[in-house]
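Chains A, B, C and D supply the protein sequences, listed in that same order. What the first sequence shows, in my numbering, is residues 1 to 111, in sequence order. What the second sequence shows, in my numbering, is residues 1 to 543, in sequence order. What the third sequence shows, in my numbering, is residues 1 to 135, in sequence order. What the fourth sequence shows, in my numbering, is residues 1 to 332, in sequence order.
These aren't lab readings, by the way, just hints derived from the structure by calculation. Don't be surprised by glycine CBs; every beta carbon is placed ideally from N, CA and C. One thing to keep in mind: the hints can contain errors.
Stated by the list, open to error - Computed spacing ranges between beta-carbons, pair by pair:
1. B:Lys86 to A:Gly8: 52 to 62 Å
2. D:Pro154 to B:Phe352: 58 to 68 Å
3. A:Glu5 to B:Gly252: 50 to 60 Å
Unchecked claim - Dumping the calculated EDC-like pairs for lysine to aspartate or glutamate here, alpha-carbon to alpha-carbon at most 16 Å:
4. B:Lys18 to D:Asp316
5. A:Lys74 to A:Glu35
6. A:Lys70 to B:Asp351
7. D:Lys296 to B:Asp351
8. A:Lys70 to B:Asp267
Claimed, not checked - Computed far set for chain B versus chain A, every beta-carbon distance over 12 Å:
9. Glu30
10. Leu146
11. Leu152
12. Thr153
13. Gly323
14. Lys325
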Amino acid sequence: MPTIEFEGKQIEVDEEGYLQNLEDWVPELAKIMSEQDSQELTDEHWEIINFLRDYYEKYQIAPMIKILVKEIKKNMGPDKGNTKYLYQLFPDGPAKQACRYAGLPKPTGCV
Amino acid sequence: MAKPTKPTKPPKPEELVKIDYNPPEKPWMEVPVEFKPGTFCYGTRPKYLEEIGFPNPREWSPLDDDWKLPADWKDTVLKGIGERLKKNRAFHLFMDICVRCGACADKCHFFIGSGDPKNMPVLRAELMRSVYRKYFTTGGKLFGNLAGARELTSDVFKEWWYYYYQCTECRRCSVFCPFGIDTAEITMMARELFNLLGCNTDWIAGPVANCYRKGNHLGLEPHTITSNIEFLVDDIEEITGIKVEPTFNRKGAEILFVTPSGDLFGDPGTYTCMGYLMLFHELGLDYTWSTYASEGGNFGFFTSMEMAKRLNYKIYAEAKRLGVKWILGGECGHMWRVVHQYMDTWNGPADFLEEPVSPITGTKFENAKTTKMVHIAEFTADLIKHGKLKLDPSRNDHLKVTYHDSCNTSRGMGILEEPRYIINKSCNHFHEMHEDTIREKTFCCGSGTGLNAGENMELRMRGGLARANAVQHVRDKNGVNMLANICAIDRATLSTLMQYWVPDVGVSGIHELLGNALVMKGEKERETDLRLEPLPGKEDEDV
Amino acid sequence: MYDAGKIIIGLIIFLAFATFPFYSNMGKAVAKPDPKLNTPVIQQMKVKQCVESKKFMRAKHMQLLINWRNAALRRGERLYKGSDGRITEISLQNQCLRCHSNKRNFCDECHNYVAVNPYCWDCHFYAPKEANNEH
Amino acid sequence: MGALLSFFVVIVLVLIALAGVQGAGLYVLFGTIIPYAAVATFILGVILRVIKWSRSPVPFHIPTTCGQEKSLPWIKYSKLESPSGTLGVIGRMALEVLLFRSLFRNLKPELRDDDGPRLVYSSNQWLWLGGLAFHWSMLIVILRHLRFFTQPVPFFVTIIDSLDGFLQIGAPHLLLTGVILLLAVTYLFLRRLFNPPVRYISLPSDYLPLFLIMGIATTGILMRYFFRVDIIHVKELTLGLATLNPEIPAGIGVIFYIHLFLISSLFAYFPFSKLMHMGGVFLSPTRNLANNSRIKRHVNPWNYPVKVHTYEEYEDEFREKMKDAGIPVEKE
Chain A
1 MPTIEFEGKQ IEVDEEGYLQ NLEDWVPELA KIMSEQDSQE LTDEHWEIIN FLRDYYEKYQ
61 IAPMIKILVK EIKKNMGPDK GNTKYLYQLF PDGPAKQACR YAGLPKPTGC V
Chain B
1 MAKPTKPTKP PKPEELVKID YNPPEKPWME VPVEFKPGTF CYGTRPKYLE EIGFPNPREW
61 SPLDDDWKLP ADWKDTVLKG IGERLKKNRA FHLFMDICVR CGACADKCHF FIGSGDPKNM
121 PVLRAELMRS VYRKYFTTGG KLFGNLAGAR ELTSDVFKEW WYYYYQCTEC RRCSVFCPFG
181 IDTAEITMMA RELFNLLGCN TDWIAGPVAN CYRKGNHLGL EPHTITSNIE FLVDDIEEIT
241 GIKVEPTFNR KGAEILFVTP SGDLFGDPGT YTCMGYLMLF HELGLDYTWS TYASEGGNFG
301 FFTSMEMAKR LNYKIYAEAK RLGVKWILGG ECGHMWRVVH QYMDTWNGPA DFLEEPVSPI
361 TGTKFENAKT TKMVHIAEFT ADLIKHGKLK LDPSRNDHLK VTYHDSCNTS RGMGILEEPR
421 YIINKSCNHF HEMHEDTIRE KTFCCGSGTG LNAGENMELR MRGGLARANA VQHVRDKNGV
481 NMLANICAID RATLSTLMQY WVPDVGVSGI HELLGNALVM KGEKERETDL RLEPLPGKED
541 EDV
Chain C
1 MYDAGKIIIG LIIFLAFATF PFYSNMGKAV AKPDPKLNTP VIQQMKVKQC VESKKFMRAK
61 HMQLLINWRN AALRRGERLY KGSDGRITEI SLQNQCLRCH SNKRNFCDEC HNYVAVNPYC
121 WDCHFYAPKE ANNEH
Chain D
1 MGALLSFFVV IVLVLIALAG VQGAGLYVLF GTIIPYAAVA TFILGVILRV IKWSRSPVPF
61 HIPTTCGQEK SLPWIKYSKL ESPSGTLGVI GRMALEVLLF RSLFRNLKPE LRDDDGPRLV
121 YSSNQWLWLG GLAFHWSMLI VILRHLRFFT QPVPFFVTII DSLDGFLQIG APHLLLTGVI
181 LLLAVTYLFL RRLFNPPVRY ISLPSDYLPL FLIMGIATTG ILMRYFFRVD IIHVKELTLG
241 LATLNPEIPA GIGVIFYIHL FLISSLFAYF PFSKLMHMGG VFLSPTRNLA NNSRIKRHVN
301 PWNYPVKVHT YEEYEDEFRE KMKDAGIPVE KE
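Looking at chain A on its own, in the form it has when it is part of the complex (with noise of 0.2 Å):
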């Protein structure tokens, strides 16, 4: 079982570097997990990841991209609103890595 390791604590990911259990995050995490892909976290970066715990927290789920874009449309004007602008924030894609950086388990099935 890979590990992270935090405040002395060993954090339990899976092989992908997803948390294992989603109560162990903390923002600080996000943070440790970024430096490791050399990403620089900004406020754009974590309005995103805030939104997606809100979310996960009322739905169980990561939003769809969709939601994801409409939110930040809302938020930050409608060029901002677009899946490119999502994926100039974080290159490996936000259903991925922002859902990492968020503590968010990444969904299966059909998608």
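Assemble the complex: chain A is given as a structure, and chains B, C and D must be docked to it using the hints.
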């Protein structure tokens, strides 16, 4: 493994396509299995197995030397084989009658894409047959290796695991086999054996556990389903000016509609889902969605027959609870293999339902007399034939469409004409791919049977080479830019496949195309298609 | 779903095919072929000897005959030198049938037994007077 | 490897017959006892094997559909490739068994890499042709041989014989099927040897029947055209076997006994080998079922109740969320 590993990216297409089809010098029994990164899935985490009450939940990785199998694993496997031989004639027969003529060898998309001889269907089956001979036939017991028999060892077990998760049960080999030997049947049995020992993959066990408890693979909870669909409803209103009003878990509806949950979540499946919603609204169909039976697909089918039955149970149970007359099924591949060939046997008879009749055309769907479940392509084709839909195919003029027959619907059902009919009525530009790659000879997307994970991307791209190559051909020849299909796994996996091999081709369900073309009563002039992309001729106005 | 009925029918058909030789001969007494050498000509011969040895003729007369046909009709050779040096005329009518004038009791006896239908008689006229010699 | 081994086995079989008959003079053993034992093994073995298969049920309705299903009345469906009823299944099976329909479909993909990878498909019917030639000539040869086992010889055997020899080459007439059989079996063997993937998958048990049949055909041909044996004596022996009145006429060449011993070996080996595909092809559920599983219920005899997640359990877990989302519930 202390550090999290990132999934290996597949090599570049021009690298990947350098394939050596020459088998090695050594006999195959002496070539040990090698777990190449990017060609296998992670082992399932214990919690999924616990949720469905499966044996041997534990932390493990296929790369571990010790798979933490129970001490009596070998007995379990051999007993499991023995039982299945007695319970399933196909399995028994397919262990015995292969003549190794090799007609199947180059029919497998994984062999074409990898050149690995153990991906030849005949050899994939021999992996198991060799053990069968050793323990279940006199010749094998007496002559061992000379009779093509070998001991079951943990290496053999691992080899099985590796290669039976490199088979998508697409049945293409079975079409070409002079005895109809279907590797899918053997793969299914192998996977059942793995599940006796807790050796599923994470990508299959996860959806199974989700589906069992929450009703669908993705684990969409009831309010998530309604919220997602409401989101699609909003998009439809934006595009057409019409507010469609779907209902959920509504008792007394005439029809229960079941579709794969991928359509409720992932692009481009969601566009297909919009197509359904628009069509049903336009017809004024008395139908309902169910959040409990919210999955048409069945990853249980990639686990064991029993698990498949446990998941499939919900469809009839919910139809009964809601008191509907019959069931309509959305676009999905393995869902239809299950519905068409297994559902009634497992969970029937559905004598509480009525023989399906289209409320719009009065057509009796006699081919669904006992299951009471109609494929939406049959339903829609019938509507179009009877002139019940007003279609403007020019709205799809920006698309040059080709059609991918899904393995399950073509070789496990035989629905070939209806989707083509719908596409032809919804689009002006339709081009078939090479005849040896469609209909019963269609190629798998390379990621079926739960292989559509992220960590085995190289395998998926290899497996999809044959399909992608045929698409590339019509793209180059006819300018095709849209790959239509009737399968949710396809919609997810072909998108990735196209990005890799044929980047400028999109993927869609046929009801997305229909939704684009459908002229609805009282709709506003459409500016965009269902993807909110400007329609041909409307590009300028959009700016 | 066992389809026992269909399988049993299939097995019966298989059995019917596989055992055909056994039941089709059931209760039949099959007489062995007995080619007769009792024609008047042969009876008058001092040395009862064909153009080749009996063993040779039993196994290979058909090859001899076809060689004769080729020699006589295609090359115009009318003489045959046997392995013992004897020279005989190549002629079915005048040579073979002179002694073996009893086609039915000689040739046919074996030919019928092993279901051989030589095409000699497509061209050659089988003298009916010889039929009178038969009993 | 496998080929050599199998070749060696067949050579040993030939030597056994040679030694047994010519050396030890075991005529009764090789002319009567072994053939009877072999035929009995064959018939019983095949039947038992089929019965063993038939005791496993066909739990699910799994035809491989190779064409359009029967659905809407205006859509033409594929009666033979996706049959909806028994008649169609019979047609499909007949095509499969008599003409090797599936093998006829055979394609050969080839990955070319001129200007990007390109998969090119070409039809490849050599195996189909070889297989068909082999099986049909084999059948005709077997039927022809009935002339040794029946008296009077049935008309169909005579007809087959004269058709088979219609070229009227030589005497005895050259029978085409014997030659075709030998050529086809040689093709099948060479294919196994020189086609790398096929060689890779071949087991000794794939070569053994080929060599046996080659040996049988060769000895048969030798006997008929070259080292003539006394056919009258042969028939006396074979007919004796068929009438259960065995006898050993003197003076049949040893090559006949080799021929007979190889045939006996093949017969005895048959039920224990892949040759059982002869019976198996009829039982294959992907071919012998109609594509009517939505029309007619298929019953699985061992269907059993399974643990399910009921709607009640589901609602209990999600009731509040359902109510909030406006989804009707059973219990408020």
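Hints, verified against the model:
1. In this structure the hint that Lys86 (chain B) and Gly8 (chain A) lie 52 to 62 Å apart at CB holds, the actual value being about 56 Å.
2. For the hinted restraint 58 to 68 Å between Pro154 (chain D) and Phe352 (chain B), the CB-CB distance of approximately 59 Å keeps it satisfied.
3. Between Glu5 (chain A) and Gly252 (chain B), the C-beta spacing of about 58 Å keeps the proposed range 50 to 60 Å intact.
4. In summary, the hint linking Lys18 (chain B) to Asp316 (chain D) is not supported, as the alpha carbons are separated by about 55 Å, beyond the 16 Å threshold.
5. Of the pairs offered as hints, the one joining Lys74 (chain A) and Glu35 (chain A) is violated, with about 29 Å between alpha carbons and a cut-off of 16 Å exceeded.
6. Of the pairs offered as hints, the one joining Lys70 (chain A) and Asp351 (chain B) is violated, with about 45 Å between alpha carbons and a cut-off of 16 Å exceeded.
7. Between the alpha carbons of Lys296 (chain D) and Asp351 (chain B) the distance comes to roughly 13 Å, so the proposed pair stays at or under 16 Å and holds.
8. For a cut-off of 16 Å, the pair hint linking Lys70 (chain A) to Asp267 (chain B) stands: about 14 Å separates their Cα positions.
9. No Cβ of chain A comes within 12 Å of the Cβ of Glu30 (chain B); the nearest lies about 31 Å off, and the non-interface call holds.
10. Distance to chain A confirms Leu146 (chain B) as a non-interface residue, since its nearest Cβ pair spans about 42 Å, more than 12 Å.
11. Against chain A, the non-interface label of Leu152 (chain B) holds: every CB pair exceeds 12 Å, the least being about 28 Å.
12. Against the 12 Å criterion, Thr153 (chain B) stays outside the reach of chain A, whose nearest CB is about 26 Å from its own CB.
13. At the 12 Å boundary, the C-beta of Gly323 (chain B) stays outside the reach of chain A, the nearest C-beta of that chain being 29 Å off.
14. With a least beta-carbon separation of about 28 Å from chain A, Lys325 (chain B) lies farther than 12 Å from that chain, consistent with its non-interface assignment.
In this structure, the earlier hints numbered 4, 5 and 6 are contradicted, and the remaining ones agree with it.
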